[in-house]
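Chemist: One letter stands for each residue in the lines below.
2 protein chains.
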Amino acid sequence: MKKLSLFLFLFSGIIVQAQSILSPSKNISLEFKLSNEGKPTYKVVYKTKEVIKESTLGITLKDNQALENGFSVLKQETKAVNEPWNPVLGEQATIQNKYNQVTYYLSQKATNRKINIIFKVYDEGVAFRYEFPKQESLNYFIISDEKTEFNLVENHKAFWIPGDYDSQEYAYNETKISEIDNSKLDLNNGIGVKSIASQSRVQSPLMMKSPNGIYINIFEAAVVNYPIMHLDVDTKNYSLKSNLVPNAIGDKAYLQTPCVSPWRTIMVSNDARDIVGSKMILNLNEPSKIEDTSWIKPMKYVGVWWEMHVGKATWDYAGSQNAQNAADGQLKPSGKHGATTANTKRYIDFAAKHGFDGVLVEGWNVGWEDWFGNWKENVFDFVTPYPDFNLKEVNDYAKSKGIKMIMHHETSGSVANYERHLDRAFELMQQFGYPAVKSGYVGRIIPRGEFHDGQTMVNHFNFVAQRAADYKLMVNSHESSRPTGYNRTYPNYIAAEAARGNEFNAWSVGNPPMHETILPFTRLLGGPMDYTPGIFEIKMSYYDATKKEQVHTTLAKQLALYVTMYSPLQMAADLPENYERHPDAFQFIKDVAVNWDNSIYLEAEPGEYLTVARKTKGKDEWFIGAITDEKARKTEVKLYFLTKGKKYKATIYEDGKDADWEKNPKSYAIKTIQVTSNSKIKLNLANGGGTAISFTLVD
Amino acid sequence: MKKLSLFLFLFSGIIVQAQSILSPSKNISLEFKLSNEGKPTYKVVYKTKEVIKESTLGITLKDNQALENGFSVLKQETKAVNEPWNPVLGEQATIQNKYNQVTYYLSQKATNRKINIIFKVYDEGVAFRYEFPKQESLNYFIISDEKTEFNLVENHKAFWIPGDYDSQEYAYNETKISEIDNSKLDLNNGIGVKSIASQSRVQSPLMMKSPNGIYINIFEAAVVNYPIMHLDVDTKNYSLKSNLVPNAIGDKAYLQTPCVSPWRTIMVSNDARDIVGSKMILNLNEPSKIEDTSWIKPMKYVGVWWEMHVGKATWDYAGSQNAQNAADGQLKPSGKHGATTANTKRYIDFAAKHGFDGVLVEGWNVGWEDWFGNWKENVFDFVTPYPDFNLKEVNDYAKSKGIKMIMHHETSGSVANYERHLDRAFELMQQFGYPAVKSGYVGRIIPRGEFHDGQTMVNHFNFVAQRAADYKLMVNSHESSRPTGYNRTYPNYIAAEAARGNEFNAWSVGNPPMHETILPFTRLLGGPMDYTPGIFEIKMSYYDATKKEQVHTTLAKQLALYVTMYSPLQMAADLPENYERHPDAFQFIKDVAVNWDNSIYLEAEPGEYLTVARKTKGKDEWFIGAITDEKARKTEVKLYFLTKGKKYKATIYEDGKDADWEKNPKSYAIKTIQVTSNSKIKLNLANGGGTAISFTLVD
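Each protein sequence line maps, in turn, to chains A and B.
The first sequence: position 138 = 138 (full-length UniProt numbering), numbered continuously.
The second sequence: position 212 = 212 (full-length UniProt numbering), numbered continuously.
Looking at chain A on its own, in the form it has when it is part of the complex (with noise of 0.2 Å):
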């Protein structure tokens, strides 16, 4: 074993030794040392063996001399910190925060510059920062190049999206480190603007399995300030560097002392279900700025949307999308505008009828005749609604029903024309009392020349959070940048799509059966995804027989992801019509919590298959989801962690036995037995498929 070797070399006079701390657990050990030199390296090694191999860390400043080398250990700190907390809402109601850390003080003697780096080895990996402090030799300063190293051991398989600046709206490839080629994708994929610099940038979360079986997770958490990184691949070498998402011109952050860099994290395990189930995102972030955080709600909703989706209804008001009839005044409704007072009340209705929470509705404002692709910047001043909403009418007959209303506000990319209107939008929703809104980011952003993973757009999401904070608001953004753990800092940052959604089933080449089983071990990471499931009606055929697009799941799996995929906030995205011909299996979608006292992932493959059991926030009742790829899978789960000696009713909503998520997705079985904790449950999951069980207590 490498880790406690220590080695002494000469350097700048001072003598340095190569450090390395462990995991509380001691499985993974992180070692730091500079070298000749003068520039910090790192590496990581799991149990006896390197993950990760001497990799360097360093900054490159514009119009200034670099942090790269050149410096010395002027001291270093070590400290064990363990500090559970509880999240406002979230997969367990507390989270571990148990780790090691050591702070390495330096100094760049040719410019009497300092910078610190601090290392915090958990049980499931390691993360480190660049921390900034405040000096008289550097005080504003803009990042250039972060030269964050993650050098490989071996030609792993990474399950990896091309590193656009754009979009993470991709499907996952599944090929190894040495295979990564963004030149040889079908771009045909439905995403709106991709922005794709070079043919071997990768996005992180990058999961990945070693041929020995070791998983390993690159990502960041706590990007607040800073631009989102991606990572440039050597596929010879397999060596990943930093490449984070520049500005207009070509500039990286902007930045004064003292601050931090996000951290960068290296999660490792022989047991993919450290990963998947990982808190350590989430606890590298800061707590909650909120104080009052009892308005924060989880929330299971319908909407007026996926009839837009599937082309029954149309966002716009003229049907046409053609601004320039609503310049001339010769707006004339199509008839298919699917946001009107009278379509959102049978949302209410139906919402009310089934006990959901909320109703959102997209299209309401007037605006979508020319929503994205034309660069505009004032879309939308998300304030008016087409003539045929009345938001008085459709709000009192929502609470008149007990229903909160979800706010939409497209952007269509123009973040400079919403900041502007943002506080007069928020204070509409809060005259209506909408609690919650969505937004989307489709589109090129204006700024122009920003893209959504940029400094300036981070910051903006971060900061609309903040701001929806002051009026108690709850914020699910879409076509954001990916999130990074923030909504434990601000807890009304509900959730967020960032990742490629159940929506590219309605309309595009789709999401691949595997894809649900790998966004929890990339996207989910970062925070709850809404994803939209729960769709029914599989194949787009049913509204138009042209049509060759569907869902890529069975109807079970749909139902299934409602527990693998976490998120407070929970779509039932199908239409009434198509949930009220399947009662029976829309009872799960009705029953299904969406907040949670505790998560135990009981088994996890990325890109093959996933099972998790959920136990309902304050009540004693459990939820299983199990989801599986292309391949059909049989599997059996222990029921141990339900309260012994207590028995319960367990609803099992599975494929049909003649199931298939192309051939016959819509079959499906339910069946309910008793249960105990000392009980096990097979579970067959069909091509595509995947089973949801409700577990609760039988009196």
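Honestly, the hints are just simulated from the structure, not real lab data.
Don't take each hint at face value.
No distinction is drawn between identical chains; accordingly, a pair holds when it is met within one copy or between any pair of copies.
[Unchecked claim] Capping the alpha-carbon separation at 27 Å, the derived lysine-lysine pairs in DSS-like fashion look like this:
1. 297 / 345
2. 33 / 184
3. 671 / 353
4. 241 / 176
5. 682 / 649
6. 404 / 157
7. 134 / 336
8. 176 / 47
9. 392 / 332
10. 631 / 671
11. 332 / 114
12. 332 / 134
Fit chain B to the known structure of chain A by using the hints.
Modeler: Only chain B this time, still in chain A's reference frame:
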């Protein structure tokens, strides 16, 4: 005379004539034709003299075929217009808007696109714009360049400043066109942010004088949703080409049909007074969009401001200009902070005692420790006062004295930050009854990569005026793009700096004596300027014996500027104690009006002298301001404009016999005489001097 010649040629199968249109006075002729390649061209003739040779018009588009050639004329329409209107505030009660108009409807066969070119010919010049009508073949488009030429016929004398995308705060250069060369400028001039991209690019308004005494001015009007136009100078051929200010990625303007370009204007006369007194730029703007304008009122004000410029006080609380202290909560007052409650009350007392309307306070809000120069986004929040400035106490006190407070919003160029705080900032103003805001834009623009003069910023300045109107607030912007008459459309956009103001005299090489004789021919054509005249302690050595800086005028000229530099918002910029030592001279500032029924330019020569008489709004009272450049000047003015048969007391504030802007600037004399409309007054202006006269009825 060429103007009526008709010649025929064949193009695109249709017959196109070279077309002439005359000004109402018939002194100016505009001729339009298509070239053999179907390029639109025009020329301008003044009396018998060609002043603009055949010059082409065109627009190039990003990702699209240029709108440059291959055009044919579909039709043309002419009309004669005479529409007098009454400005809310202004130099005269009624403005004549009288011109002959011709519109050429052009079609580009290759693209099936249509554009119109509209010419308006006024007695003092020609204006034209591009119109992009609604059409299927052109909807959203991006302008990559505008190819408007102004081909001059001779090597005129020009008053020019460099084509800087971020600043117009330059002193004017007076050279031949052939001698224009930015590379020879001394840029040690006190301007904070400079962006000069070309050696031979100048700004408009470009004031010129031909060798045979014709005055020509090239400018633009109604710049709305479009960048500012600078001018690329061909110093050999005396040709000017439009240069639109780019955005962060090099694009010029994002437009959607139907839309129009700003007006391009060419004023021409053999009498310089026709240009300095022209209302053409205002006329070319849309009428007021504010229905109730009763709350838009002229203001004379003092403020906590000049004491910072002369170094007696600081804007920031800590006096360190080091924001790192603020971040640590180590902000300790230095005792030099200007914007204290006590000091503000002193100004309120002074304002009340001497009949001023308002008091401006700069430095009242937190953030000044890292004001500008660091490209920092979130410097100010526009609502949080420093601990020593009590908003409520100050405003209660002001109210008790009948004084209106003027809010100050320094943005340090961070427009993104300002816009997201704008509603809250304006709400605070409303809460405390502030009727007006002075805004500042020192520093590089954020969104980064944008320039002060780009489309984004033009839209910002106009947006602020619009949003201020929602709150019934008046706006006075500093370091904005220079106005182009938008104060006709939003009369609450009451003034702007947008040129080299008096402040530069306090801490830089300053403004040469000719400066104020040029501004009325350039900057002021676009709208009122908050020049901040009235400095009595001319030499900065008064404050610090080591200082060499000084105001480059006599004291009497500072008085005259209140008349020559039109603005309905005028500051008495010097310190109260400086005025109190000169109560006799100060009386003029107390008396002078800021809103007028009539203005008569008596004498004018750019770069040399200006004499103007103005009649107070709604009162039989007149004022004269006369200024000269560095050369002393004797002249005589006839008082024919006074009401016939009435007697007036003329109080004459003039340079002392030994006055000289450099050697003895504070020497002045005051005398009173009785005059009638038959009287003449001899004026004696010292080097860099001036005369100010008030005429009040003798009962």
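Chemist: Taking the numbered hints from earlier one at a time, note which ones the structure violates and give those numbers from smallest to largest.
Modeler: 2, 6
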